[in-house]
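Here's the letter readout for the chains.
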Amino acid sequence: MSVFRQALIDGLRRTLRHPHLLLPLYLCGLLLGLVQTWPLLVGLGNGALYNPFLGDLANGGGDALSNLFLGDPVAPGSAALWGLLVLPLTALFSLAYNFFSGGILSVYAGRRPFWAGCRHNCWSFMALGALLLLLVALVVVASALLAALLGGRVGLIFALLALQIVGALGEYARAIAVVYDRRNPFVLLSRALSFFSRHLGGVLLFALLGLLIYGGLALLYTLAAGPLTQFPAVLLLWQQLALLAAIGLKLLRLAWAVSYVQQSERAPSVPEAPSNTPIVVS
Amino acid sequence: MGRRSLFRLLPLLLVLLASSLSSARSLAAPAQQGAPHAPQIASYRMSVTLDPSAKTVAGTASITYRNPSMDTLHELWLRLYLRAFRDQQSVWMREAKRVGRGASIDPQQLGDITLSRLALADGTDLLASATLTDTLMRVPLPRPLEPGQSIELVTAWVSKLPRVFARTGYGGRNNTFFMVGQWYPKLAVYDRGHWDTEPWHHNSEFFNDFGSYDVSITLPKQYVVAGVGVPDGERVEQDGSQTLHYTATDVTDFAFAASPDFQTRTGKAGSTDVVLYYLPEHATTVDEYLNAATGALQAYSAWYGTYPHPRLTVVDVPDNAVDAGGMEYPTLVTGGTAGLPSGSGAIALVVAHEIGHQWWPMQTATNEGREPWLDEGLTEYSGIRYMAEAGRTLGFGNAVIGADTLDRQEYAIAPSQPATLPAWEYNESGYAGNVYGKTALGLWTLEQAVGTERFRRAMADYLARYRFAHPTAADFRAALERSLGVDLKWFFDDYLAGSGGIDYAAGRIDNNAADGPMVWVIRKGSVPAPVESAVTLADGTRKPLLWDGQGAIHSFRFEPGSQVVRLEVDPQHKLKAELDVLDNGVALQPQAGPALTLGGRLAFWFQAIAQLIGLFG
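Taken in sequence, the protein lines are chains B and Z.
Heads up: the first sequence begins at 11 in the working numbering, then just goes up one per residue.
Heads up: the second sequence begins at 5 in the working numbering, then just goes up one per residue.
Everything labelled a hint here was simulated from the structure, so no lab data went into it.
Every residue, glycine too, gets a C-beta built ideally from N, C-alpha and C.
Any given hint might turn out to be false.
Footprint (simulated), chain B over chain Z, 3 or more residues, beta carbon under 8 Å [what the hints assert, rightly or not]:
1. 578–586
2. 594–604
3. 608–621
Extracted from the complex, chain B is given alone in its bound form (with noise of 0.2 Å):
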């Protein structure tokens, strides 16, 4: 349990400590984000495309937003397309985060300054990637046979349950990676597994204070979200700081997991992240 603790309070540390690791992640989904909106934004700025209900779909009217469909024949299609750039645009995103991951759990492991650490585990942390795709697909094939077999429900809880414990996976995968530098994808997976059956206990515990914590930024954004509606330029701060928190729950999991893994492991001894570690971000 001291191990645990120890691991709890050193990943918070951390995590504290660099606080400007966020920033990279935040600001790629943040330049993704404004990709995929800027050609509407330059209608509807130039009046290009004015109505009436322009208001009410800015303020999120569900009814507004089934208007436009329903009024332009092309509305559909172009949604779908929308809809379809979100696909590459989240790929991007999961790259972006693949790449940046090496480079975080690096500086909180002590071991490379951030960018090396980027590059070093870049290929390894792409093919790990896949390699979770692969589970992901997996957990939803089982979860579609246990509905079928067993009803909705049962299906649900355990895709909820099997998505959370991949993750989680993923996670000590990264931490296991950066901390004992191995790269094979396999060999990191096949690690952590060892790692979840020996600290079992202290890994759901992770998890479940992890879901936790989002659980309640959940929570807080959605009771604050429904006031702020009429202060639109308020609610967008609010909505960009709810990312932003998100991003920072994202890391504080990923140095629970390098702490856990390290002070559990006797991996070697876990150095002091260098203060004066150059990180760039732009």
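With chain B's structure known, arrange chain Z on it following the hints.
This is chain Z only, laid out in the frame that chain B set:
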């Protein structure tokens, strides 16, 4: 077609006079239990036994039928609805198959109804000479039935219930839930000189005469029963089973639901008891059910006229028997959560809709097959208006839409069909979109055009005139035009019966015209509905513009020296039936504020999705 003579008309005239006096009384005060107000044309006294293990209902009935016409009848027609599910060859199943619905019935658990006896009260057999076609039985009468004369039939039958399908059958926990609807030999309607002998179609519902029901239901004692009318006593049988007695007056049908799991909660709407029969797994939805039921009942009573029964029963259905939900019978409606959690608004919408049927057609017994918009359309309108006035939406959190938007979505699937076709001329989506959606949105548009108060008064006048009768579309139109004092050609001919729609667009803004700025409003749709528009001048002044919709385009001129910066057509969204609103505005200024807000929101949602997926592992 029967022969007529003045002499034969006399008894009928007396009966009609008595009926109209009776109807007039019913308008003055809410009906009291047991005191009939509708003409008693087809009344049933039934003793039935539900066998939960065999999934059958066996019964005997005494049916009293009074010839309501001025014709002499030489035959009767009985409807045996469950025969629609006996095999894949019925009209119902063939039509269902075409739209892919028939496939969902379990071929091992079909339904059927078999008569073992049909005779006159004096014992004269009628079954031997009767002929069966699809869901209809033609019964030649040994003696003619004169106008106003009554006849009593006795019958015995067994109904085999299907696995819940098309609003009837069994399902739920261990198949212990039963929704027993369309289940007994039922007399067809003789109206306007002929029997309604249209077979039961896939899209079509029913056409019934008014009467009284006295029904005794025997079933195992652990079952709780929700039936049409009011419970009127119970007894324990020697074999340990129970017999529950129900009576209903001024109604057109009888159905009941049974389950050992039913729990009840009661609410009040004025003097009417609203009794909810719900399943334990849906306990969290009880308030939503009751609020919607009492709210809708009170609203419609205020809008159209008092609900004429002492009790309304609401039945919750299991998630694996949703096909039993969303159905109306006199004094009884079925809902269902369809697996959705409480608060989505779906329960409220379904309950409000089904309760609307307690007026249309339970008080105006229209032909639901031939003119389905007269019941489903009017009811859908009532439901979405209730939802709007009660501030109820569909969805969760910020992701909500109004009930009318749902109708617009359905209407948009096949918007070029009339809403006034017989049910069997539509496919599934055309039926929902036009009979329900197009009619409801059109009625709301009409309401906005003439004013809510006037419109509701006109609807109440229609009900008052045709309560407990068989009005047609022509009657409805005449009643509305008479009450509103306007010609409603644009609504009934161009919109409801036409293939075009309501569609306007903002035209040009010309601030350089010689005699002052001008704007144009364009009618793109074929329906000349009255339309309001508004312009905003450079100094911020807003000016309303009215156009009756006649002609293809209409111009408005403003004082010289002023400058129009924005033209909005239907700024208050009164044209509920207009699908394309994207061209309803032109502006000379960009909309930077809303554009940034909208862009920011879209970017946020993308970022949130990307983070949720992209940060995995």
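Each hint, compared with the structure:
Counting residues of the segment 578–586 of chain Z whose C-beta lies closer than 8 Å to any C-beta of chain B gives 4; at least three are required, and the coverage claim holds. With 11 residues bearing a CB less than 8 Å from a CB of chain B, the segment 594–604 of chain Z meets the requirement of three and the coverage assertion stands. With 12 residues having a Cβ less than 8 Å from any Cβ of chain B, the segment 608–621 of chain Z passes the three-residue criterion, so the hint holds.
Violated hints: none; the structure is consistent with every hint.
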